[in-house]
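There are 2 protein chains.
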Amino acid sequence: MKNTIFAFNSDSPKYKQIYEQFKLFIERGDIPPGEQLPSIRMLADSLQVSRNTTLMAYDQLVAEGYIHGEGRKGYFVNELEALLVQKAFISPNKEEKESETPVLIDFRAGAVDQTHFPVKVWRKISNQVLTLQENFQYGEPFGETCLREQIATYLLQSRGVKTEANAIIIGSSTQQMLIHLGHLLKDNFPSIIVEDPGYDGAREAFQFHRFSLETLPVYESGADFSLLEQMKSQVIYVTPSHQSPIGVSMTIQQRQTLIRWATKRKGYIIEDDYDSEFRYTQQPFPALASIDSTRVIYLGNFSKSFLPGIRLSYMVLPPSLINHYKDQFLPFESTTSLLHQLTMAKFMEVGEWSRHIKRMRLVYKRKMQHLVSLLKEQFEQRITIIGEQSGLYVLVKVHQKRSEEWLIERASFYGVKVYPTSLYFIKNKTSEPIIKLGFSNLSCDEIQLGVELLKKSWS
Amino acid sequence: MKNTIFAFNSDSPKYKQIYEQFKLFIERGDIPPGEQLPSIRMLADSLQVSRNTTLMAYDQLVAEGYIHGEGRKGYFVNELEALLVQKAFISPNKEEKESETPVLIDFRAGAVDQTHFPVKVWRKISNQVLTLQENFQYGEPFGETCLREQIATYLLQSRGVKTEANAIIIGSSTQQMLIHLGHLLKDNFPSIIVEDPGYDGAREAFQFHRFSLETLPVYESGADFSLLEQMKSQVIYVTPSHQSPIGVSMTIQQRQTLIRWATKRKGYIIEDDYDSEFRYTQQPFPALASIDSTRVIYLGNFSKSFLPGIRLSYMVLPPSLINHYKDQFLPFESTTSLLHQLTMAKFMEVGEWSRHIKRMRLVYKRKMQHLVSLLKEQFEQRITIIGEQSGLYVLVKVHQKRSEEWLIERASFYGVKVYPTSLYFIKNKTSEPIIKLGFSNLSCDEIQLGVELLKKSWS
Numbered sequence: 085m086k087n088t089i090f091a092f093n094s095d096s097p098k099y100k101q102i103y104e105q106f107k108l109f110i111e112r113g114d115i116p117p118g119e120q121l122p123s124i125r126m127l128a129d130s131l132q133v134s135r136n137t138t139l140m141a142y143d144q145l146v147a148e149g150y151i152h153g154e155g156r157k158g159y160f161v162n163e164l165e166a167l168l169v170q171k172a173f174i175s176p177n178k179e180e181k182e183s184e185t186p187v188l189i190d191f192r193a194g195a196v197d198q199t200h201f202p203v204k205v206w207r208k209i210s211n212q213v214l215t216l217q218e219n220f221q222y223g224e225p226f227g228e229t230c231l232r233e234q235i236a237t238y239l240l241q242s243r244g245v246k247t248e249a250n251a252i253i254i255g256s257s258t259q260q261m262l263i264h265l266g267h268l269l270k271d272n273f274p275s276i277i278v279e280d281p282g283y284d285g286a287r288e289a290f291q292f293h294r295f296s297l298e299t300l301p302v303y304e305s306g307a308d309f310s311l312l313e314q315m316k317s318q319v320i321y322v323t324p325s326h327q328s329p330i331g332v333s334m335t336i337q338q339r340q341t342l343i344r345w346a347t348k349r350k351g352y353i354i355e356d357d358y359d360s361e362f363r364y365t366q367q368p369f370p371a372l373a374s375i376d377s378t379r380v381i382y383l384g385n386f387s388k389s390f391l392p393g394i395r396l397s398y399m400v401l402p403p404s405l406i407n408h409y410k411d412q413f414l415p416f417e418s419t420t421s422l423l424h425q426l427t428m429a430k431f432m433e434v435g436e437w438s439r440h441i442k443r444m445r446l447v448y449k450r451k452m453q454h455l456v457s458l459l460k461e462q463f464e465q466r467i468t469i470i471g472e473q474s475g476l477y478v479l480v481k482v483h484q485k486r487s488e489e490w491l492i493e494r495a496s497f498y499g500v501k502v503y504p505t506s507l508y509f510i511k512n513k514t515s516e517p518i519i520k521l522g523f524s525n526l527s528c529d530e531i532q533l534g535v536e537l538l539k540k541s542w543s
Numbered sequence: 085m086k087n088t089i090f091a092f093n094s095d096s097p098k099y100k101q102i103y104e105q106f107k108l109f110i111e112r113g114d115i116p117p118g119e120q121l122p123s124i125r126m127l128a129d130s131l132q133v134s135r136n137t138t139l140m141a142y143d144q145l146v147a148e149g150y151i152h153g154e155g156r157k158g159y160f161v162n163e164l165e166a167l168l169v170q171k172a173f174i175s176p177n178k179e180e181k182e183s184e185t186p187v188l189i190d191f192r193a194g195a196v197d198q199t200h201f202p203v204k205v206w207r208k209i210s211n212q213v214l215t216l217q218e219n220f221q222y223g224e225p226f227g228e229t230c231l232r233e234q235i236a237t238y239l240l241q242s243r244g245v246k247t248e249a250n251a252i253i254i255g256s257s258t259q260q261m262l263i264h265l266g267h268l269l270k271d272n273f274p275s276i277i278v279e280d281p282g283y284d285g286a287r288e289a290f291q292f293h294r295f296s297l298e299t300l301p302v303y304e305s306g307a308d309f310s311l312l313e314q315m316k317s318q319v320i321y322v323t324p325s326h327q328s329p330i331g332v333s334m335t336i337q338q339r340q341t342l343i344r345w346a347t348k349r350k351g352y353i354i355e356d357d358y359d360s361e362f363r364y365t366q367q368p369f370p371a372l373a374s375i376d377s378t379r380v381i382y383l384g385n386f387s388k389s390f391l392p393g394i395r396l397s398y399m400v401l402p403p404s405l406i407n408h409y410k411d412q413f414l415p416f417e418s419t420t421s422l423l424h425q426l427t428m429a430k431f432m433e434v435g436e437w438s439r440h441i442k443r444m445r446l447v448y449k450r451k452m453q454h455l456v457s458l459l460k461e462q463f464e465q466r467i468t469i470i471g472e473q474s475g476l477y478v479l480v481k482v483h484q485k486r487s488e489e490w491l492i493e494r495a496s497f498y499g500v501k502v503y504p505t506s507l508y509f510i511k512n513k514t515s516e517p518i519i520k521l522g523f524s525n526l527s528c529d530e531i532q533l534g535v536e537l538l539k540k541s542w543s
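These protein sequence lines map, in sequence, to chains A and B.
Mapping to our numbering: the first sequence position 165 is 249, numbers consecutive.
Mapping to our numbering: the second sequence position 394 is 478, numbers consecutive.
The following block holds chain A by itself, in its conformation from the complex (with noise of 0.2 Å):
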């Protein structure tokens, strides 16, 4: 029984999460008159409930006719009129809406996988650091030297990024790091090239200070640097390794060609690396950094290779920036935990680090792989895939005279919340409707539900 598969929020009692969840598979016919459920024992474990809330959940069913018990045979589903069934397949009207489907299947992109981290060791350590007699006082205003050590050994071994401490500042999040920098940048580089599509959360952090945007376009196959001649800003902001969102890589031809720039202008390059750990294909591809590092600002987070919730990213400066950002910013205290802090120093200093990233990359691998193959499986050539070599998303292109509010809406009404592109999107419009499906967070099982429950959603 495949469909079984609960995602309980904290918000209504679990019986009552269970009973909908039925009650949805009951009504549009994914669970079959006549067939039996799973026992009450068999449903307890697999959800790890206690079997009083699977009992509560089936009582109310049976109480509304959806099922009935057949004494120790165990539970079956009614013949339900022609009407209740349809009901689920007819176009959501406005009234239906307001009583919403609950989500069984989340592709949301922001979130890591819950199984496979290491609660244990994390916990283990962030105990001991707790007692710490450094935790009971102010941090660093830059960070804690012994996380940045750690951050510059890693970006040397995987991205082949040469710094050292005092050129890495750790923040919050990338959109905190940007709105440093641009106070930084601002007086003497008024305007900014964004990618677009691209990170709206970066288009914010400029907004924030005024800077004008100017736009490079890109398409799958890549942008096109030589546009970047006749546009009048000093510094880009890029996401190299992974474009955000649509998933492609800069050449190494196209990364010298930017680092040229960049110097032939004197300006900067924002390089925002944002989850490059995660590349499937082949090894990832070196950072802008690791080419020539006098011109670049480098990016990078916790936040998609371990967890958003501890808010901990890093930028490492240019030699030309270093000492002018920390003029500018010694007056104010660190934003960042310095509990998280020493903790994830600790845990990169023991291999922990390394050892979750390889970890991840190969389950993150094994769910990408069964989302593409169910998607072509189950869309063939209704659908183009964009963005299957790395990262925790990819994005789909659907070939329907639909609207991306109405693909949305639709798999909201099956109970899958899918997610919209168009906020990336400037000027460089796409005349098909493009969803982002990220699958972090969800189990196999979950995936190929999801999959299918879109697939009905959509036709």
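Derived from the structure by calculation, the hints contain no laboratory data.
Careful: at least some of the hints might be erroneous.
[Unchecked claim] Calculated pairs, DSS-like style, for lysine-lysine (alpha carbon to alpha carbon, straight line, at most 30 Å): (1) K513(A) x K511(B); (2) K460(B) x K501(B); (3) K270(B) x K350(B); (4) K208(A) x K98(B); (5) K316(A) x K270(B); (6) K208(A) x K208(B); (7) K410(A) x K460(B).
Nothing here was measured: the structure is a model prediction, and the numbers come from that model.
Following the hints, put chain B in place on chain A, whose structure we already have.
Frame of chain A; chain B shown alone:
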């Protein structure tokens, strides 16, 4: 042997730190020739280090001729040349300063009491929270609702501030909240009034947005708010419950004057209530925001009362600013640890927070009384103590023709770290030097040693 108090730091091996501190005590005559040192076992137990560590320290002292062993009887201090003893009492010259004296007692104000920190409860809740599903996603941009609700309840009970979760913004630090606020206000309010002396970190945050600053002089008797009428600003930043750094509280008349001024000017009062939890002589004064919240932006934090390293602050916005703030900052992810937010919410919900505050108020009150009585005993009329009714530090005005720098350097030569106040003053300078002594993470014994060494150093 009250003098054997060690503040280990992580930079050098522990045995070396023990060795250096004993060496200092012996050189200064704090442990006179002939006196017996504590036994290896006793010292190891009291410092919670291995016996081997203690033995290595003693061996080093023996090797350098400071002490000698007498078999089973133990270790005894040698007669030292007069020169060596004298060395500690002559004024430090450049060369000596560079061979830094280790810090024995640090009167730092930014640390919190480590001994009474509820490590077990915090750890337990934090460990539970780590496995919650919410933790594997991004949090709410303005902070978790559960924590905002707890803060609303707390503010009503303890500060008389009527508010709701919706009006509360969670952030990492007071400075960060001020920078966000500055972004919101800068277009309509080009200048801000700050207290003189006042919190330098706030001024830095306002200068980040290039506000022009007007200054309101504050004396030990408080500020003269009639001066506000001559100023052009419509916004003022104040610390009403415990003026930073002078320690005076605004009377209710002053509070009402201030609110009338802001109402008339259609401006705002930024109320930084940074350590109002710790008032020792009477009930805390009600917050400005409890009198009239339409013109008051209220700031609070967990850095003084709980742990600076978790980086948790909050701001209560008046209705006229809430939507404007949310429009501006919705695109930005929170910078504050989701894990710490969820842990703190639970910690407050189960009543641990109010227990902690009650306990710490007693602990800090005892320390404050101890520090103040020792200062009076040792210095009599040669100093004036400022701000002993509340907070986690006192100011000491030294009636001596010496500079602040001299006082700090002399103290440092005796292993005592004390802090300047000149950085808080803008135009309203004082003729006599004022030194800041924080006591929160010092034991009563350490406070005693610190004051005794201070007396020696300044006489």
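Hint-by-hint comparison with the structure:
1. K513(A) x K511(B): Violated: K513(A) and K511(B) sit about 57 Å apart, past 30 Å.
2. K460(B) x K501(B): holds (19 Å)
3. K270(B) x K350(B): Measuring from Cα to Cα gives roughly 15 Å; hence the hint holds.
4. K208(A) x K98(B): holds (24 Å)
5. K316(A) x K270(B): holds (29 Å)
6. K208(A) x K208(B): holds (12 Å)
7. K410(A) x K460(B): violated (41 Å)
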